[in-house]
Each structure stands twice: as structure tokens, then as C-alpha cells.
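Chains as they are written, first to last, in the numbering used here: chain A, 34 to 194; chain B, 34 to 194.
Don't take each hint at face value.
Identical copies go unnamed one by one, so any copy, or any two together, can satisfy a pair.
[Said to hold, decoys possible] Distance condition first, Cα-Cα at most 20 Å in a straight line; then the derived EDC-like pairs of lysine to aspartate or glutamate:
| # | residue 1 | residue 2 |
| --- | --- | --- |
| 1 | Lys183 | Glu55 |
| 2 | Lys117 | Asp77 |
| 3 | Lys190 | Asp77 |
| 4 | Lys117 | Glu140 |
| 5 | Lys190 | Glu141 |
| 6 | Lys152 | Glu113 |
| 7 | Lys156 | Glu167 |
| 8 | Lys183 | Glu141 |
| 9 | Lys190 | Glu180 |
| 10 | Lys156 | Glu113 |
| 11 | Lys183 | Asp139 |
| 12 | Lys152 | Glu55 |
| 13 | Lys190 | Asp112 |
Derived from the structure by calculation, the hints contain no laboratory data.
Here the structure is a predicted model, which is why all the values come from computation and not from measurement.
There are 2 protein chains.
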Amino acid sequence: MGKNKSTSARKRRPAASGAPDELVSPLANSPGFLFRLAQIRAFDGFHRYFAGLGVTPTSFAVFALIVANPGIRPGAIADELHVKPSNVAALVNALVAAELVVRRRDEEEPRASRLHPTKAGSKAHREMFRVHLETDALLLRHLTQAEGTKLVFLLQKLLQR
Amino acid sequence: MGKNKSTSARKRRPAASGAPDELVSPLANSPGFLFRLAQIRAFDGFHRYFAGLGVTPTSFAVFALIVANPGIRPGAIADELHVKPSNVAALVNALVAAELVVRRRDEEEPRASRLHPTKAGSKAHREMFRVHLETDALLLRHLTQAEGTKLVFLLQKLLQR
Numbered sequence: 034m035g036k037n038k039s040t041s042a043r044k045r046r047p048a049a050s051g052a053p054d055e056l057v058s059p060l061a062n063s064p065g066f067l068f069r070l071a072q073i074r075a076f077d078g079f080h081r082y083f084a085g086l087g088v089t090p091t092s093f094a095v096f097a098l099i100v101a102n103p104g105i106r107p108g109a110i111a112d113e114l115h116v117k118p119s120n121v122a123a124l125v126n127a128l129v130a131a132e133l134v135v136r137r138r139d140e141e142e143p144r145a146s147r148l149h150p151t152k153a154g155s156k157a158h159r160e161m162f163r164v165h166l167e168t169d170a171l172l173l174r175h176l177t178q179a180e181g182t183k184l185v186f187l188l189q190k191l192l193q194r
Numbered sequence: 034m035g036k037n038k039s040t041s042a043r044k045r046r047p048a049a050s051g052a053p054d055e056l057v058s059p060l061a062n063s064p065g066f067l068f069r070l071a072q073i074r075a076f077d078g079f080h081r082y083f084a085g086l087g088v089t090p091t092s093f094a095v096f097a098l099i100v101a102n103p104g105i106r107p108g109a110i111a112d113e114l115h116v117k118p119s120n121v122a123a124l125v126n127a128l129v130a131a132e133l134v135v136r137r138r139d140e141e142e143p144r145a146s147r148l149h150p151t152k153a154g155s156k157a158h159r160e161m162f163r164v165h166l167e168t169d170a171l172l173l174r175h176l177t178q179a180e181g182t183k184l185v186f187l188l189q190k191l192l193q194r
């Protein structure tokens with residue numbers, strides 16, 4: 034992957050059977066396949082830079098949502114992040130165990146809970162968010178700023194429901 | 034997610050604490066986060082349309098590479114698809130068990146094997162590839178053709194090494 038224009042040129046030239054020095058890449062122009070590779074690249078960067086900060090890409094997304102929306106309900110997190118409610122509960126449990134987040138009783142619905150960052154959580158989040166922005170910048174390093182903006186726009190347009 | 038321009042507008046307006054009707058989405062413009070959502074969307078489409086065809090997104094990618102490069106070595110698949118060699122072996126085993134692929138001894142390296150599609154495999158692949166193209170088209174349905182082409186170009190540029 035990732036040889037751009039030469040890839041499509043190569044597609045038309047089959048490798049000699051039995052000794053393929055240059056591969057034919059049938060999925061080289063497939064957006065679904067490229068998303069998988071981009072996701073792998075993004076996770077690699079995340080794991081490299083977030084090592085020691087105690088969060089995974091998904092638990093960071095949950096945490097960032099709680100910090101930005103103090104008092105959020107777990108169900109709203111599941112909807113927003115396309116994560117199953119049972120997985121949200123597990124991710125929230127880990128954030129609570131790490132003392133980054135607290136559950137408080139929902140006064141309107143006594144059986145439900147609302148989530149708030151702790152003081153230590155808010156402080157830790159500032160550092161995490163800085164690292165997050167650097168990780169994203171690194172992910173886009175081969176693109177110009179205009180191309181990065183265009184990519185984000187196209188992804189948001191693709192993801193509309 | 035996915036409300037485009039309104040999302041960035043909402044980001045500047047914090048939700049009322051304790052009753053967030055509209056969420057603040059701190060990752061709404063994060064390419065790393067958007068790749069995760071795009072990947073989920075792509076996999077959802079794949080699983081819906083490939084149900085019954087007996088392949089997963091990754092095993093389809095392996096299979097397509099074998100069909101396009103008869104005689105390919107397992108190690109070359111691992112490199113091309115960013116999958117661990119041990120995972121490639123498991124995926125190839127499944128394709129062999131389904132009689133879509135056969136292993137033949139590598140004449141240059143007797144301990145190694147080379148992979149070929151079976152006749153039934155080549156036939157099954159034609160149907161899978163047709164479904165694959167439809168799945169990709171569906172993934173891009175909110176984009177114009179020019180936008181889809183631009184997105185693929187930007188993904189390939191981002192993924193260069």
C-alpha cells in the first residue's frame with residue numbers, strides 16, 4: 034500500500050505467476066480497505082504517545098466526552114461514540130477506578146447515574162488532550178494543512194446519517 | 034457526530050451542566066477519531082452485504098490478494114495488509130479449509146509455501162468482488178464522485194510511509 038500513483042499503474046501489469054516481486058493490490062483504491070489501514074495507523078500513533086497515560090483510544094473518547102459535558106448520561110455516550118451501552122459501562126468503570134471520573138445519582142431518574150470528571154481527572158485530561166492533538170497532527174503529517182482540513186470535511190460528510 | 038458544520042458551531046456553546054441536551058463533541062474534528070467511526074461504518078456495511086459469503090473484511094483482503102497474485106508468499110501478504118504473520122497463517126488456514134485457496138510447496142524454498150486460488154475460489158471471488166465494489170459505493174453514498182476520488186487520494190497520501 035501507500036505508493037499512490039504507481040499503485041494504479043502497477044495494477045494493470047500482473048506479476049509473473051509464481052514469482053510476484055511487485056504485488057498487484059486489488060484493494061489499493063478501496064475506501065473501506067484504506068479506512069482499515071488508516072485506523073491501524075491512528076491506533077499505532079495513539080498507543081505510542083498515550084503509553085503510560087492509562088487510556089485506550091475508546092476510553093479517551095469517553096473521557097473527553099465526560100469532561101466536555103459534565104453530568105452526561107452513559108446512554109448519550111453510547112449514542113455519540115457508536116459503542117454498545119455495556120461497553121460504555123466497562124469503560125466508565127475503568128475511568129472511575131482510576132479516579133478520573135465519578136458517578137453521581139441522576140436526580141430526575143434515581144436509578145440512573147450522571148458522570149462528572151474529578152478534579153484530578155480534569156487536570157489529567159488537559160495533558161491527554163495536548164497529546165491527542167499532537168497524535169492527530171502526526172497522523173496528518175504527509176498532508177498539507179488544506180488537505181488535512183479537506184480530509185476531515187470529507188470524513189464528516191461521509192459519516193452523516 | 035456527523036452533523037458537519039453545526040458540530041463546530043455547537044462546540045463553542047457548552048451544554049448546560051447536568052442537563053446536556055446537545056452534546057459538546059470534543060473529537061468531532063479529530064481525524065483519528067473520525068477514522069474509527071469510518072472504520073465502524075465500513076465494517077457494518079461489509080458484514081451486512083457479505084453475510085453468507087464466508088469471509089471477514091480481513092480474510093477477504095487476504096483472499097483478494099491471493100487471487101490477484103497467484104503464487105504469493107504468506108509473508109508478502111502480512112507486509113501488504115499490515116497484519117501479523119501469525120494472523121495471516123490463521124486467515125489462510127480458513128481459506129484453505131473453505132477450499133477457496135491451496136498451499137503449494139515453494140520450489141525455491143522447500144520449507145515455505147506459496148498460495149493459489151482454487152478454481153472454485155476464483156469463481157467465488159468474482160461474486161465477492163462485485164459485492165465489495167457495491168459496499169464501497171454505499172460507504173461513499175453521501176459524497177459526490179469527485180469527493181470520493183479526492184478522499185481516496187488523501188487516504189493514500191496519508192498512508193505513504
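Hint-by-hint comparison with the structure:
1. Lys183 with Glu55: Neither: 32 Å inside a copy, 26 Å across copies.
2. Lys117 with Asp77: Close across copies (14 Å), not inside one copy (23 Å); limit 20 Å.
3. Lys190 with Asp77: Between copies only: 17 Å across, 25 Å inside.
4. Lys117 with Glu140: neither (24 Å within a copy, 50 Å between copies)
5. Lys190 with Glu141: neither (36 Å within a copy, 50 Å between copies)
6. Lys152 with Glu113: neither (24 Å within a copy, 46 Å between copies)
7. Lys156 with Glu167: Within. Shortest intra-copy distance 18 Å satisfies the 20 Å Cα cut-off; inter-copy 47 Å does not.
8. Lys183 with Glu141: neither (42 Å within a copy, 48 Å between copies)
9. Lys190 with Glu180: Close inside one copy (15 Å) and across copies (10 Å); limit 20 Å.
10. Lys156 with Glu113: neither (24 Å within a copy, 41 Å between copies)
11. Lys183 with Asp139: Neither, since 41 Å and 46 Å both go past 20 Å.
12. Lys152 with Glu55: Classified as neither; 55 Å inside a copy, 24 Å across copies.
13. Lys190 with Asp112: within (18 Å within a copy, 32 Å between copies)
Going through the hint list in order, the structure does not satisfy hints 1, 4, 5, 6, 8, 10, 11 and 12.
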